[in-house]
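Which chain is which? The protein sequence lines are E and G, in order. For the first sequence, the working numbering begins at 1257 and goes up steadily by one. For the second sequence, the working numbering begins at 4 and goes up steadily by one.
Calculated directly from the structure, the hints in this document are not laboratory data. Mixed in with the good hints, there may be bad ones.
[Said to hold, decoys possible] So the derived label-pair ranges between C-beta atoms look like this:
1. G/252 with E/1343: 48 to 54 Å
2. G/58 with E/1442: 27 to 33 Å
3. E/1346 with G/180: 39 to 45 Å
4. G/54 with E/1500: 52 to 58 Å
5. G/108 with E/1282: 23 to 29 Å
6. G/177 with E/1347: 51 to 57 Å
7. G/180 with E/1505: 52 to 58 Å
8. G/245 with E/1333: 18 to 24 Å
9. E/1353 with G/21: 55 to 61 Å
10. E/1442 with G/224: 19 to 25 Å
11. E/1500 with G/11: 41 to 47 Å
[As the list claims (entries may be wrong)] In silico negatives: residues of chain G with every beta carbon more than 10 Å from chain E:
12. 9
13. 15
14. 56
15. 93
16. 173
17. 183
18. 186
[What the hints assert, rightly or not] Partial chain E-side listing against chain G, Cβ under 10 Å, derived:
19. 1288
20. 1298
21. 1396
22. 1418
23. 1419
24. 1426
25. 1562
26. 1567
Every residue, glycine too, gets a C-beta built ideally from N, C-alpha and C.
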Amino acid sequence: MSVAQATNPVVARPSADAVGSWVRRILNLVAITAAVLLLASVITFALGAMAKTNPAAAVLGETATEADIARLDRQFGLDRPLVVQYADWLGSAVRGDLGVSWFTTVPVSDSIAQALPVDLSIALLAIVLAILIGGAAGIGAALSNGGIFDRTVTIVCSLLGTLPPFVIGMALIVVFAVKADLLPAGGYVPIQEDPAEWLRFAILPSFALSLDVAASIARQLRTSLVGALRENYAIGAQMRGFSRRRVLFGHVLRNAAAPALAVIGLAIPLVIGGAVMTEKLFGLPGIAQLALQASEKGDVPVVLGTLLVTAVVVVLASLVVNVAQTALDPASRREPAKGGLG
Amino acid sequence: MRTLKALWAQPASRFAFAILSVIAFLVVFGGAVAPYDPLRQFSDEVLQGPSAKHLLGTDYVGRDVLSRLLAGTRLSVVGALEAVVIAAVLGVPSGLASAWMGRIGEWVSLRIADTLIILPFTVFAIAVAGTIGNGLQQAMVAVGVLISPMFFRVTRAVALGLRRTQYVEAAELMGATQWWTLRKHIWSKVLPNVAVAAAQATGASLLVVASLSFLGIGVQPPTPTWGGMLSADLGYLAQQSWAPIFPALLMMATVGSLNILADGIRDAGSPRRRRPGLVARLHRKETIDVAA
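I would like the entire structure built from these sequences, with the hints used as guidance.
This is how it looks when you write it as C-alpha cells:
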C-alpha cells in the first residue's frame, strides 16, 4: 500500500463489506458527526477545566478576600463537580448560550455572532475563488498534460505549499495596496451594509486565503482528470469523434470532480484557521481578534466559545461537502466511503 | 540501510540534505555566527537597506536582520521538531493499536482522529494559550496533538494492509505473539512510511509554528523567530516592502527540502519502480499537506 493512498483515506476505495443502503449511510454520517461534535466539546471543556486563571481572582484583582472569591466561584458555578459543570455547559451551548465574559459580562454568543460573519464571508469567498482558480488551473494542466502549462502549474503549486499563507497575504498587500494603491490594505465593511464596499475590503484577504486551497484542488483535479481521460469510456468517446474538450467537460469532469471536492472538505479547517491569520494581516474584526484578546486576559468563556463555534462550523461545512460529494460521485452513492468527515 | 543508500543515490535528496544540514548547523551555532547580538538596537540606523555593515539591513528599532534570522533559526526549527516528536509519540502507537483493536475501539480511535483534524491549528492554539498558558511548550503540545492524526492514519493504514498478508497470518497461526509479529514483520514496513510522514509533518509544523509566532503565540517578542520577524515586518510594509522576503526564503528552502526528502524516502522505499522526473514526482503528491 502506497503512502499516497494511506494518507488520503477520502479517495481510497470503499470497503467491500460495506452494505450500500441509503438509510445506513445517513445513520453512519449522523453518528460520526455527533461523535465528532461531542468529542470537540469534551476537548474544549477540558481546556477550560485545565485553565490556570481563577476567574474570581482575575476579575476582582489582588485585593480580593477569600469570601469574595468563593462568592464569585458560586456565581460562575465553578464550585460544582466537573461532570455537572460539563453537562450544564453543554446543555446551555446546545441552546446557544455560551455563558458571559468574565470581564465584560457580555454574552459570549453575542460577541461571536458579531465576529463570525466576518470570517464566514471571507472564507466562503475564498472557497469560491479557490474553486475557480484551482479548477481552471487543474483543467488546463490536464489538457496540456506534460506541456509547459502543466509543468508551470505543478511547480507553482509545490512552491505555494512551502510558504505560510500570511506571507502570500503580505505580498498581496505590497503589490495591490502599497505599490499600486488599488485596494485598501486593511479594514472592513459588513456585507449587509454595502456589498460593493465589502468586496473591496474582502477580496485581498480572500484571495490570499484561497491560493493554498486552489493549489490543492488543481493538483488533485489534474491527477484525477489525467487518470479519467485514460479510462476506456473517455478513449471510446474520443474515438467516436468527440473533441478532447467535449469529452473532458461532458463526460470526465463530473467523475473526476469528486476527489477534488474531498480536497475542499479537508481544506475547510485550513480555510477557517487561515481566516484567523488574515484577520491579523488585514485588521478584520473577526473571531480571532475576539479570541486573541480574550486569550491575553484569560477570559475562559470567550476562548472556549470561539473554539467550540469554530469546530461546529468546520463540522457542518464538512458535512455539506460530504453530501455534495455523494451527490456528484455515483460510486460513493453505491457504497459509503470510509474516512468519515475526512 | 538499503533504503538509506537508495536515498543517498538521488541527487535531489542529496541537495535537500545539504540544505537541511545548513539549517541544522544554524540551529546549533546560529547565534554564534551572527555578526551582532540579535537584540542589539542600532538606534540611529533604523529600517535601513542592505549595506556592508548590515548585510540584510535593519528592522524598525535598528536590529540587524541577518543576526535575527540566524539566531531565530533555533526556536523556529526546534519548536517544529518538538511538535512532530509529540505527534509521532501519540500517533504511531495508537495507529498500530487501532489495527488490532475490536470494532468499537477502532471506531472511537477514528473519531478522535477526525475530531483532531477538524480543529483549526490557530484557533486551537489561541484557546490553549488562553487557558493553559501562552508559552512555547504549550503551543508545541497543541500543534503536536493536532498533527498526530497524520501519523495515526499512516501507521494504521500500513498495519491494516500487513495484517491481512499471508505471512503475518501464518506467523500468527504458528503461535507467534502479537508483539513478536509487530517487531519482526510490521515495524520495518511501518518505519519508512513514518519517516515520510515525519518529513512532511516537520514542514507543516514549521509553517504552523511560524503562523503562531506571527500571531504572538508561543515565542514572545523580542526573542527572534522567523514568524515573529514577519509579524514585525507587517507594520512597515510601506517603508520596507522587501523585508519579508528573507525569512520567507529561508522558510521556503527548509520546507521545500523537507518535502523533497519525503518524496525521496518514498521512492527509496520502493526500489522496483522506475524513478520518474522531478515534475512527474510532484504530480504524485496527492496527499494534502496539513498546514500548507
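Going through the hints against the structure:
For residue 252 of chain G and residue 1343 of chain E, the hinted distance range of 48 to 54 Å is satisfied, since their beta carbons lie about 52 Å from each other. Here the CB-CB span from residue 58 of chain G to residue 1442 of chain E is close to 31 Å, well matched to the stated 27 to 33 Å. As the Cβ distance of residue 1346 of chain E to residue 180 of chain G is approximately 43 Å, the hint placing it in 39 to 45 Å holds. A beta carbon spacing of about 56 Å between residue 54 of chain G and residue 1500 of chain E agrees with the range 52 to 58 Å that was offered as a hint.
For residue 108 of chain G and residue 1282 of chain E, the hinted distance range of 23 to 29 Å is satisfied, since their beta carbons lie about 24 Å from each other. Checking the proposed 51 to 57 Å range against residue 177 of chain G and residue 1347 of chain E shows it holds: the Cβ atoms sit about 55 Å from each other. In this structure the hint that residue 180 of chain G and residue 1505 of chain E lie 52 to 58 Å apart at CB holds, the actual value being about 57 Å. Residue 245 of chain G and residue 1333 of chain E have their C-beta atoms about 54 Å apart, which leaves the hinted 18 to 24 Å range violated.
For the hinted restraint 55 to 61 Å between residue 1353 of chain E and residue 21 of chain G, the CB-CB distance of approximately 57 Å keeps it satisfied. For the pair residue 1442 of chain E and residue 224 of chain G, the beta carbons lie near 21 Å from each other, so the given range of 19 to 25 Å is met. Range check, residue 1500 of chain E to residue 11 of chain G: Cβ separation about 42 Å, and the 41 to 47 Å hint holds. Against chain E, the non-interface label of residue 9 of chain G holds: every CB pair exceeds 10 Å, the least being about 16 Å.
Distance to chain E confirms residue 15 of chain G as a non-interface residue, since its nearest Cβ pair spans about 12 Å, more than 10 Å. Once the 10 Å rule is applied to beta carbons, residue 56 of chain G is consistent with being away from chain E; the minimum gap is 26 Å. Here residue 93 of chain G stays apart from chain E, with its beta-carbon at least about 14 Å from theirs, past the 10 Å limit. For residue 173 of chain G, the non-interface assignment is confirmed: its Cβ lies about 19 Å from the closest Cβ of chain E, beyond the 10 Å cut-off.
Every Cβ of chain E is farther than 10 Å from the Cβ of residue 183 of chain G; the closest lies at roughly 22 Å, confirming the non-interface assignment. Here residue 186 of chain G stays apart from chain E, with its beta-carbon at least about 20 Å from theirs, past the 10 Å limit. The closest approach between the C-beta of residue 1288 of chain E and any C-beta of chain G is roughly 7 Å, which is under the 10 Å cut-off, so the hint is satisfied. Nearest Cβ of chain G to the Cβ of residue 1298 of chain E: about 9 Å, under the 10 Å cut. The hint holds.
Look at residue 1396 of chain E: its Cβ only gets to about 14 Å from chain G, farther than 10 Å, so that hint breaks. With 10 Å as the threshold, the beta carbon of residue 1418 of chain E comes within range of chain G, its nearest partner Cβ sitting at about 4 Å, so the hint holds. Interface hint status for residue 1419 of chain E: upheld, as the beta-carbon distance to the closest one in chain G is roughly 6 Å, under 10 Å. Because the smallest distance between the Cβ of residue 1426 of chain E and any Cβ of chain G comes to about 5 Å, under 10 Å, the interface hint for this residue holds.
About 6 Å separates the beta-carbon of residue 1562 of chain E from the nearest beta-carbon of chain G, less than 10 Å, and the hint is met. Interface restraint check for residue 1567 of chain E: the shortest CB-CB distance to chain G comes to about 6 Å, inside 10 Å, so the restraint holds.
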